[in-house]
Structures are given as structure tokens and as C-alpha cells.
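2 protein chains.
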Amino acid sequence: MANLATAITSLIESKKYGTLRDILVTMNAADIAALFEDLEPEFLPRLFRLLPKELAADTFVEMESDSQELLIKGFSDSELKEVIDELYIDDAVDIVEEMPANVVKRILAQADPDTRKLINELLKYPDDSAGSIMTTEYVELRPTFTVEDAIKTIRRTGIDKETINICYVTRADRTLYGFVTIRRLILSQPDVLIGDLAETNVISCTTMDDQETVAQTLSKYDLIALPVVDGENRLVGIVTVDDAIDVLQEEATEDIEKMAAITPSDKPYLKTGVFSLYIHRIPWLCILMVAAIFTELVINHFSNLMSVQFQSFISAMLLACIPMLMDTGGNAGNQASVTVIRGISLGEIEFKDLPRVIFKEWRISLLAGATLAVVNFGKMMMMYAITYHNSFNNQFTPYLLIAVTVSIALCCTVFLAKFIGCSLPILAKKIGFDPAVMAGPFITTIVDVTSLLILFGLALMLVPKMV
Amino acid sequence: MANLATAITSLIESKKYGTLRDILVTMNAADIAALFEDLEPEFLPRLFRLLPKELAADTFVEMESDSQELLIKGFSDSELKEVIDELYIDDAVDIVEEMPANVVKRILAQADPDTRKLINELLKYPDDSAGSIMTTEYVELRPTFTVEDAIKTIRRTGIDKETINICYVTRADRTLYGFVTIRRLILSQPDVLIGDLAETNVISCTTMDDQETVAQTLSKYDLIALPVVDGENRLVGIVTVDDAIDVLQEEATEDIEKMAAITPSDKPYLKTGVFSLYIHRIPWLCILMVAAIFTELVINHFSNLMSVQFQSFISAMLLACIPMLMDTGGNAGNQASVTVIRGISLGEIEFKDLPRVIFKEWRISLLAGATLAVVNFGKMMMMYAITYHNSFNNQFTPYLLIAVTVSIALCCTVFLAKFIGCSLPILAKKIGFDPAVMAGPFITTIVDVTSLLILFGLALMLVPKMV
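The listed protein sequences correspond, in order, to chains A and B.
Counting with the numbering used here, you get residues 103 to 569 for the letters of the first sequence.
Counting with the numbering used here, you get residues 103 to 569 for the letters of the second sequence.
Hints are computed from structural coordinates only; laboratory data are not their basis.
Treat the hints with care, as some may be off.
[Unchecked claim] Calculated cross-link-like contacts (lysine-lysine; reagent style DSS-like; alpha-carbon spacing at most 30 angstroms):
| no. | chain 1 | residue 1 | chain 2 | residue 2 |
| --- | --- | --- | --- | --- |
| 1 | B | Lys-373 | A | Lys-531 |
| 2 | A | Lys-322 | B | Lys-369 |
| 3 | B | Lys-263 | A | Lys-360 |
| 4 | A | Lys-322 | B | Lys-175 |
| 5 | B | Lys-373 | A | Lys-454 |
| 6 | B | Lys-263 | A | Lys-322 |
| 7 | B | Lys-263 | A | Lys-254 |
| 8 | A | Lys-567 | B | Lys-567 |
| 9 | B | Lys-226 | B | Lys-373 |
| 10 | A | Lys-118 | B | Lys-454 |
| 11 | B | Lys-532 | A | Lys-263 |
| 12 | A | Lys-373 | B | Lys-532 |
| 13 | B | Lys-117 | A | Lys-454 |
| 14 | A | Lys-175 | B | Lys-322 |
| 15 | A | Lys-369 | B | Lys-175 |
| 16 | A | Lys-322 | B | Lys-360 |
| 17 | B | Lys-322 | B | Lys-175 |
| 18 | B | Lys-254 | A | Lys-360 |
| 19 | A | Lys-322 | B | Lys-183 |
| 20 | B | Lys-369 | A | Lys-454 |
| 21 | A | Lys-360 | B | Lys-175 |
| 22 | A | Lys-532 | B | Lys-360 |
| 23 | B | Lys-531 | A | Lys-369 |
| 24 | B | Lys-322 | A | Lys-183 |
| 25 | B | Lys-226 | B | Lys-532 |
| 26 | B | Lys-373 | A | Lys-263 |
| 27 | A | Lys-263 | B | Lys-183 |
| 28 | B | Lys-369 | B | Lys-481 |
| 29 | A | Lys-454 | B | Lys-322 |
| 30 | B | Lys-531 | A | Lys-454 |
| 31 | B | Lys-254 | A | Lys-254 |
Isolated chain A, as found in the complex (with noise of 0.2 angstroms):
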């Protein structure tokens, strides 16, 4: 892509223009949007004037929301006004919802008084709701057409719609229906009812679901698009397959980002700025690390208490092993939580299977806590044998019960993670909190706690005391 910029750049230095629209015209709006932001700034109205209308409707929509801004604010009137009227609604809405207001201003006034009403309307339902994401630009269908009449009707109206993939079927009160597909209509005799002819069994949602649920309903039904109806079952929008594609990517990049403690947010990384990412990433790292006093307090206390007890070699050697305890449990809590969380996401987990997560959980948990049980010990015995017997000064048993102590703390830590990690967040989703949030930091935080607990407690009563 940077050579093609460099090419484009050199080419409107020496105003090459026809040569400049022959290759624009060659390539896909999304290919274009992301050429316009390798390029200066300064050149994208130049370029962008010599796309055709409708390539030039289809760019805009892919481009980053600052460049639309800039090219907005370039844009005479009239060409303002004739791009407009070549998005469809949902896209209209989109960069409105991303402006700044006098230029929100400047769409609205030049859009006609019918798209601006729409948008108006639009723009009230909530963001992530199935009103903010749908279009209405579908194609309607009565009961009481016939094919060759609803052809007619697809003719005189489809190419203003997103799809005539699927055209809906409503009563005479808006109601929906049911819906019919392009394939259905094409393969059947014209004189054919469309009542007759419309699959009524239809999956449809409503403006206020959430568009993640709305999505992963596209998916799971394979559908290319979902009607969207209001309270009393009128069809207000529908939601394409390609806004839900969109919703799936964000929402599992936003699940990522919370997995991380990071707080999401809904622009490409390099199109982010350093002080919005640092905001995006600080509140977790502070929470977590003031959170890591309930460790300090709890280690402090107990070397205290170990320094009474035990020579200084066992001490350090149960200090030294903190670290390893404490990130086994937290990739063990970890891997149950993330693959609960993923599984609640794509809606394979419900509330309903708690106690089947936690008695697999469970399982999984003996067979890998007395794995790692086991090689820890088998790991504690080698070191013992290659350095370890020096600063023991070949004193054996105390070795071996501090070998006995973090394996059995180890196991113990192993268990309780995947408990954790497994029903916290299934219970998070139940009470109403983000499952996601959950995960990672904040039970790794519980588990560290916990672990040393468990380390210390099991220390002081095996390991003997000093003599």
C-alpha cells in the first residue's frame, strides 16, 4: 500500500488527474479508504472529486472518521448534498454519530427533509441497540401481491434498498408477516400469492435488543438479514449481515480488551491516540496493583512470623517459590475463566449450566493439580540435587517437607483457580455485570491471596520448627 501512495502522491503532484481516476475506478471502496489515509491529508478532496458518485458514496462510508470530518468540511453544499443522498440510512447515521456538532449541523441541513427525519429518529435508540445498527431501506411486500407483482415492486423500488436478497411481508398495518427470498420469488409462477408464497415462520428482534444478541441470531440462523420490529410488532429496520459481522469482530475485541484490563474501545489501535489508549489502560493497572496490598500485608506478615520460626535458608527458599505458585494459579484460573467467558459470549454457557462448568472444572482440576503436583516435586528434587543441597547445608528433611508443602499448596491453588475462574463469571453475567471484567487481573488477584494462605498455613504447620 505505501508504494501505491507513493505512485498516487507522485501522480498529483504533476496533476495527472485522468490517469489518477483510471486507477481509482479499478479499485474497492475499502481499498481506496485505506490508500486515502497513507496519503496528506490535503490531497483527499482533490482525489476523492474524481471518483464517480456511487464509488464515491461507497469510499466515504470505509473511511476513518477524522478523514470524513476533513472532507466534510471541504465539501461545497451541493457536493455534501450528493453524497448524503447516496448512503444508505444506517451508514448516514454512523457518521453522524461520529461528528462533531456544527458539521452534524451541515448534514442534517442538506440532507432532504425525509432522510433527515430518519436519522433524527434513528439516532434516539440507545448505542449497541438493534435500532442504532438496522437500515431502513428494505424492500415491503402485501400479502395480497402476486410474484409478478412484488418483481414489479422490486424493480420500481430495489435500487434504493440495502437487499432485495429478502423482502418482508407486512399487513396492511405494518405488522410483520412473514418474508419471502429473491430465490423463492424468481423460482415460482408469477400468478402466485405472496400470503400463500411467504415463510411465516420468521426470526425477528426488536429495536431495543442488544446488537450482540442480534448478531450471534444472524449466525446462528445463517441468515444475510434480520427484520427488526417495534413494541406492537411493526417492522421499523432490518440488520444485514454485514453490520453483524462487524458487531461479532467489535464485541470480541472488546472481550479481549476486558479480558487484559483494558476498558474497550471502538477505534483501530494506530488510529488511537497515546493519551486515549493511556486512559483506556491506567484505571486497571492502578486498581490491580493497590489491590496487590492484601499479597504485601500477607507476605509481610508471615516472613515476620518465618523469621521466628525458621532459619533464614528455609525462609527464602519458601519465598522464592511464591512467584511460580502465584502464576500457575493465575494461568489455571485463567484458562477456566476465559474459555467460560468465551463460551457465554457465542452463547454456548447459560446460568442453567453452573453446576456442569464447575463439576468439569472440577475434574479437570484433580488431574492437573496432581500433575502439577507431581512435577513440581519431581522439579524441587532435581534443584535440591543441583544446588539446592548446598544452602541446605544437606539437611534433607527439611527440604523435603518444604518439597511436600508447595505441592500441596500448589494443588490446592490449582483447584481453587479453576473454581473461581470457572463460576465467577457465570455468576458476573447472572447478577448483571460483564462476564469479562471478571476475568484475568481480578481473579488472578483473589487466587494470589488466597495461594499464600494456603503456602504460609501449610509452612508453618509441616516445615520444623528452628532448633
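Given chain A, work out where chain B should sit, using these hints.
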């Protein structure tokens, strides 16, 4: 769903097959498949036989592979043939891939010769390639057709095609010429030539392209299908958007699993056996636990050094800060790596962006490191006032120096963690490793060791020796 399952079970037990049929035909394939998973396996064959042919095939596709296998084993040869005849080729291939050899043999024996040949050809494509997810059932037109011919062709053959919303135009040698949407066909005059109508600027992929790239392309260009060509640009299949969504969801899940140190599996959590989950998780737990030997050695070495140089309450204080330091480093590194890995997956970040990414993270780490150091210093001062002044016998200077040491170490750790976190995934991708595997625990281990070295190094320099 659980209540529906109970109701259905009692209807089966009282042999109310008419009622059952009436309920089932109002349901969607995906819902029936989900219901089947909640029922006793012995009921499946009876219920399945109640479904109309097409719904039966759609339901079969949506079912889990173990239930599919169970049903196939119960089918008579003619029942099996009926289901196979209704399947789209790509779905048939997906099913065959999951079945044991003897079941595959029966399926292939019942498929008609053409289908058998196609299945065998599609099975040859590597896993995760475009070839392995494409279907061969698309509408193919010639440039010499008129719109009227095209619509006749669709009427004649469309019933067996996976989509008729996009039709592909090929030359006599089957090389890809372009595409034409059904919308375009419907809106055009009957005598227009397809060659003139077709969009020849067509985005395609080859059979060997990675399925994730293919799915990203469909999403990027908002397509509902993508043509797949062979080495000679001959059209051999199409990938439809519903399959692309599944691929994107799967790949997001895989990334999430890898970041949480789990070997990815493509089965849903609740369907995966305990032992299989254990096997996917234990290797990383073991590797990372053993890798903690380094932190252990570092702590052991320095705590012996410190026990000579410092009074015991100073050593205890420094050791108590380790979990906080390591967790914060891990979290800071994770934030950077996870953001970058997701960016790579979404195609937003490439190798050429490495300097930009590093520069961005460097600035973020300056801000974050400074903030955390200040917050930590404040926290430590507060802790002194509340409790630690007792254990330090009111000696403020050594505590102040420890607080400075820990704050500087924290700042350095955040620097380092962000740097490694953002650059390692990009470098891994460049040399052909999986960036997601580089995330989380792997980076944590590196950051752990280095941050300990910084902490102890600074402490030995700054904190006053035992008098």
C-alpha cells in the same frame, strides 16, 4: 430449552407423534438441533424421522458430530441417501471430516457418483484452506447470455444452489470473468448481455488461501460470497458469508484460547471431554511452572545476599513487594500484547508498523510508568503511616529508600513490559510463529525475571547496608 425438552420427552413417551411433528415444523433447524442435544439419544432417530426432508437435512447440518454419528448409525441406507442428497456439498464435506472411517465409507457409498466425486475432491484441500470451506454449488453464467437467458438458467438450476444472490460469470475455459448480482439482473432489461452487465473488477481467492484471510476479505468488502479460483484462475467454488462468520468466530476463540495459554480446540466447551480439556491446558501450565525456576533462582540468590546486607525487616519489605511488581508488569505487558495481537488478527497491524507501534507504546509506558510509580509511592507512604512504622522501629529513611527503589523498579518494569509486549507478537508473526502464543504468560515470564533483577539491583545500590 430445558422445559421444552421435558415436554417433548413426555410427548415421545406417550407416542403423540402428530403433535410432535406440528411442534417441530414451526421450529428452525438450529433450534431443533439444540433441542436434540438436550434429549436422550435414543429418542433422536424417531424425532428425526418426523421432520420434512429439507428441514431434516438442515437440522442434521446444525447438530454436533457425535449426534450426527449416532443418527447415521441408526439410518437405513435409503434414509441416509435421502439426507445426503439434500445436503450442500460443503456441509457434506464438513460432516464427513468429523466421522470415523466406517461411517465415511457408508456415506460415500450412499452418495450419488457425482456427489461422491466432489466430496472426495474437496476432502483433498488442507484444513483451514479456502478449498476446505467452499461449496461448489453456485450459479454460473456466460458473458454471451442475455439477462433473460440468465434468469431462465437460475430458474432451472437455482433450487440446488447455495446462493443465487450473486451469480458468477465465466469464460468458455471456466476462468472467472466477473459477477452479477440478482439485484442487477432483476433491475435490467431482458435483452442486455451478461458480458456488458457483469462487474469484472471481482475480488477472488485461491483454493489454498487461508480461511481466515478469506473470511476477513468477505468482511472487509461487505460481500455475501467470495469466488474461489484454482491456479489457472478457473472458478472452482464459492465461500458464502455464513461460513465466513463461523470462521471469524472460531479464529477469535482460538486467539483468546492461545492468549490464555490453552491449546485451541474447535469443539464447544460443554461438548469437550474432561480429559481432552486437560490435555489442551496442562502442557502450558507445566512449561510456565517450570519456567518459574528462573524467578525462583533470582529470589533465592538475592534473598541470601540481602540477609547478609540488610536487617530482616528490610528484606521482608522488599520481598513483599514482589507480587505487586510482577502482577503490574504482567498486566502492563498483557495490555500491549493483547491489543497488538488483536490488531494483527484484524489485519490492522503489519510488520511495517513495528516502529510506529513501539513509539506509541513507549509514550504510553512513560505516562503509565510515571503514574504507577507516583501512586505506588503514595500508597507506600500511607502504609508506613498506618502500619509499617512499627516494623521499621520508626526509622523513616530506610523505608523511604525502599519506596524509591520499588517505585523506580515499577516504572522500569512497565517500560520493559510494554516494549516486549508490543514488539514480540509482531516479530513472532514476521518469522512465522503464532503471535497469540507469544502473549500473556510467555511475556509475563520474561518480564518477571527482568523486573526482579531490576528491583534487587536497585535495592542493593540504594538501600543502606546493615550497620
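Checklist entry - Are the Cα positions of Lys-531 (chain B) and Lys-369 (chain A) separated by 30 angstroms at most? => result Roughly 23 angstroms separates the two Cα atoms, so the pair holds.
Checklist entry - Are Lys-263 (chain B) and Lys-360 (chain A) close enough, with their CA atoms no more than 30 angstroms apart? => result Roughly 42 angstroms separates the two Cα atoms, so the pair is violated.
Checklist entry - If you draw a straight line from the CA of Lys-263 (chain B) to the CA of Lys-254 (chain A), is it 30 angstroms or shorter? => result 24 angstroms, holds
Checklist entry - Holds or violated: are the alpha carbons of Lys-454 (chain A) and Lys-322 (chain B) at most 30 angstroms from each other? => result Violated, because 37 angstroms separates the two Cα atoms, which is more than 30 angstroms.
Checklist entry - Holds or violated: are the alpha carbons of Lys-322 (chain A) and Lys-175 (chain B) at most 30 angstroms from each other? => result 27 angstroms, holds
Checklist entry - Lys-322 (chain B) and Lys-183 (chain A): Cα distance at most 30 angstroms? => result 26 angstroms, holds
Item to check | Agreement of Lys-254 (chain B) and Lys-360 (chain A) with the hint, judged by alpha carbon distance not exceeding 30 angstroms | outcome: 53 angstroms, violated
Checklist entry - Has the given pair, Lys-369 (chain A) with Lys-175 (chain B), been kept, meaning a C-alpha gap of at most 30 angstroms? => result 51 angstroms, violated
Item to check | Hint consistency between Lys-373 (chain B) and Lys-454 (chain A) [alpha-carbon to alpha-carbon, up to 30 angstroms] | outcome: Given pair Lys-373 (chain B), Lys-454 (chain A) holds - Cα atoms ~15 angstroms apart, limit 30 angstroms.
Checklist entry - Is Lys-373 (chain B) close enough to Lys-263 (chain A), meaning Cα to Cα at most 30 angstroms? => result Violated - the C-alpha atoms of Lys-263 (chain A) and Lys-373 (chain B) are around 42 angstroms apart, more than 30 angstroms.
Next on the checklist: Hinted pair, alpha-carbon criterion (30 angstroms max): Lys-373 (chain B), Lys-531 (chain A). Please report holds or violated.
Outcome noted: 21 angstroms, holds
Item to check | Proposed proximity, Lys-454 (chain A) with Lys-531 (chain B) (alpha carbon, max 30 angstroms) | outcome: 40 angstroms, violated
Figure legend: structure checked against the earlier numbered hints; hints not met, in rising order: 3, 11, 15, 17, 18, 21, 26, 27, 28, 29, 30.
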